[in-house]
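Sequence order for the protein chains is E and A.
So that you can map any letter, position 42 of the first sequence is 42 in our numbering, and since no number is skipped, the others follow by simple counting.
Going from the second sequence to our numbering is simple: count from 1 and add 1000.
None of these hints come from the bench; they were simulated from the model.
One or more of the hints may lead you astray.
What the hints assert, rightly or not - Straight-line Cα separation of at most 27 angstroms, DSS-like style, residue types lysine-lysine; simulated pairs:
(1) 97/E with 1280/A
(2) 1015/A with 1266/A
(3) 1295/A with 1115/A
(4) 97/E with 1266/A
(5) 1295/A with 1266/A
(6) 1015/A with 97/E
(7) 1228/A with 1280/A
(8) 1044/A with 1115/A
(9) 1187/A with 1074/A
(10) 1228/A with 1187/A
(11) 161/E with 1074/A
(12) 1044/A with 1295/A
(13) 1044/A with 1266/A
(14) 1074/A with 159/E
(15) 1187/A with 1015/A
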Amino acid sequence: MTGRPDTQWPRWEVFKQDAPGRPHQAVGSVHATDADHALVTARTLFARRPSAVSMWAVPDHAILARTQEQDERGEPLPDLASGDVRTYVVARKTTHKRSMTFVDVVGTVDADSPAAALALARERFPEPPALAWWVFPDAAVARTDDTPGTVESWFAPAKDKTYRQQSSYGVVGTHASKRNPRAGGPDRD
Amino acid sequence: MTQTPITPDPATEEKLAHFEARIARGEKIEPGDWMPDEYRRQLKRMISQHAHSEYVGMLPEGAWITRAPSLRRKMILIAKVQDEAGHGQYLYHAAETLGITREEMMDALLTARAKYSSIFNYPSLTWADVGMIGWLVDGAAIKNQTMLAGCSYGPYSRAMVRICSEETFHHKQGKEMILTYARGTAKQRAMAQDALDRWWWPSLMMLGPHDAESTNSGVLTRWGVKLKSNDEVRQEFMNEHVPELLEAGLTIPDADLRQDEDGNWKHGPIDWSEFWAVVKGERGLMGERLGARRKAHEDGAWVREAMEAHAARRATAQAAD
């Protein structure tokens, strides 16, 4: 294996929507040979527990990522040739708060290049200031089917597996907060 | 701090000052942001080791899936082992954002060039070990991971937040199992005690060498990756678990165990020679664990080949359309 060229499958960024009306959020990535493979792997990895109603997989090469720090440093944007006007999905991160997700999808813009889409996104979604942006062509997104039957068969099983939830075990023994750490010595026998 | 490369380049000095100011303000460092080479190197090492630990960590418990004493316990254990596989994937993802491929990381593990937590080189001899691993090993891991959830590197922090939220179930199911045994028959109590006797010291050691001996800590602390020292995390672990184990009627195998005037539980001297022997593979099951991982990798080769053949055929068909 050592010295073998990198043959790992393409990387796909995964977005998960927790409930209807909530944004799709970037949760992590998978490696997969094609879009169907990416979505099945994404479900196995990111929907072992509720809740999810929809997932997307986006090939990482289709994403233009930009951070506030890159803007401040004046790092040049990739000089991508202009093409036809396409719809781009816009996602951004706006807080340094502790979180298990990265960027949230906020909407779409129509532009003739990723750089132009990013410029439009900055105009369209100025507040709160973005710490990081992702833009990618809507056509590059692989989506789970959102018909009720498919949503049920893809995501409902996670709801029944209550033994995966720490809440199903209740409080076991005496809660630490109830115990006086100074009371008594070690009861070793 | 001696590992930090000191560079005379004023532009780099300015970038470093800006980077450190961002960390001091509590900002997360994201992929694409400027970062010192040493920060990148240390994170690649640390996150990939952590991923390998999750991945190898499936083995000691996975061996008990077929022998679980009830369907409920079997489902719980399958879910837990699945989670460990998932946690490895979250962490490999986080490490990849630093510019290392999964293949490089997997190759380093399978050729024994990468380390992983030596706790997984101990054998799981009885069913009670499954409970004790959940309670103590996952309990110690959660203390460490809760600290890392606040770390300065965004992708690592997010993986840790997700892992901690899932890992809490691992801890609770283990504690529930051991408390059931501790209240059970004489034989069950003896099994629980035997498991504690074997897992207590390895659980304390898995939180890493004492602060004075911890070679990588300086720069990781300075750059907001390790927010607490090994000894601080170990103290948190002791203060939570010692009273609970004693309350369960179990005996902690440490003749010097005591509580100090501040209420902190103190352990006796740790035998670090055992820790290092297990890390180096001179003791324990490192050969067996890596052998099992290599076999799984090789046995899965035909699936990977089939997926590639399918993708290639589909690409050819699409090109022909």
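Hints, verified against the model:
Taken as a hint, the residue 97/E and residue 1280/A pair is broken in the structure, with Cα atoms around 39 angstroms apart against an allowance of 27 angstroms. Restraint check for residue 1015/A and residue 1266/A: the C-alpha separation of about 43 angstroms exceeds 27 angstroms, so the hint is violated. A C-alpha spacing of about 18 angstroms is found between residue 1295/A and residue 1115/A, which places the hinted pair at or below 27 angstroms, so the restraint holds. Distance check on the hinted pair: residue 97/E and residue 1266/A sit about 34 angstroms apart at the alpha-carbon level, beyond 27 angstroms; violated.
The straight-line distance between the Cα atoms of residue 1295/A and residue 1266/A is roughly 42 angstroms, outside the 27 angstroms bound, and the hint therefore fails. Distance restraint check for residue 1015/A and residue 97/E: the Cα-Cα separation of roughly 24 angstroms lies within the 27 angstroms cut-off, and the hinted pair is therefore satisfied. Restraint check for residue 1228/A and residue 1280/A: the C-alpha separation of about 26 angstroms stays at or below 27 angstroms, so the hint holds. At roughly 12 angstroms between alpha-carbon atoms, residue 1044/A and residue 1115/A fall within 27 angstroms of each other, so this suggested pair holds.
Between residue 1187/A and residue 1074/A the alpha-carbon distance is near 21 angstroms, which keeps this suggested pair within the 27 angstroms criterion. Note on residue 1228/A and residue 1187/A: the hinted pairing is violated, with a Cα-Cα distance of about 40 angstroms set against a maximum of 27 angstroms. Between the alpha carbons of residue 161/E and residue 1074/A the distance comes to roughly 13 angstroms, so the proposed pair stays at or under 27 angstroms and holds. Distance restraint check for residue 1044/A and residue 1295/A: the Cα-Cα separation of roughly 25 angstroms lies within the 27 angstroms cut-off, and the hinted pair is therefore satisfied.
Distance restraint check for residue 1044/A and residue 1266/A: the Cα-Cα separation of roughly 33 angstroms exceeds the 27 angstroms cut-off, and the hinted pair is therefore not satisfied. With a C-alpha separation of about 18 angstroms, the suggested pairing of residue 1074/A with residue 159/E holds against the 27 angstroms cut-off. This hinted pair does not check out: residue 1187/A and residue 1015/A have alpha carbons roughly 63 angstroms apart, beyond 27 angstroms.
The structure shown violates the earlier hints numbered 1, 2, 4, 5, 10, 13, 15.
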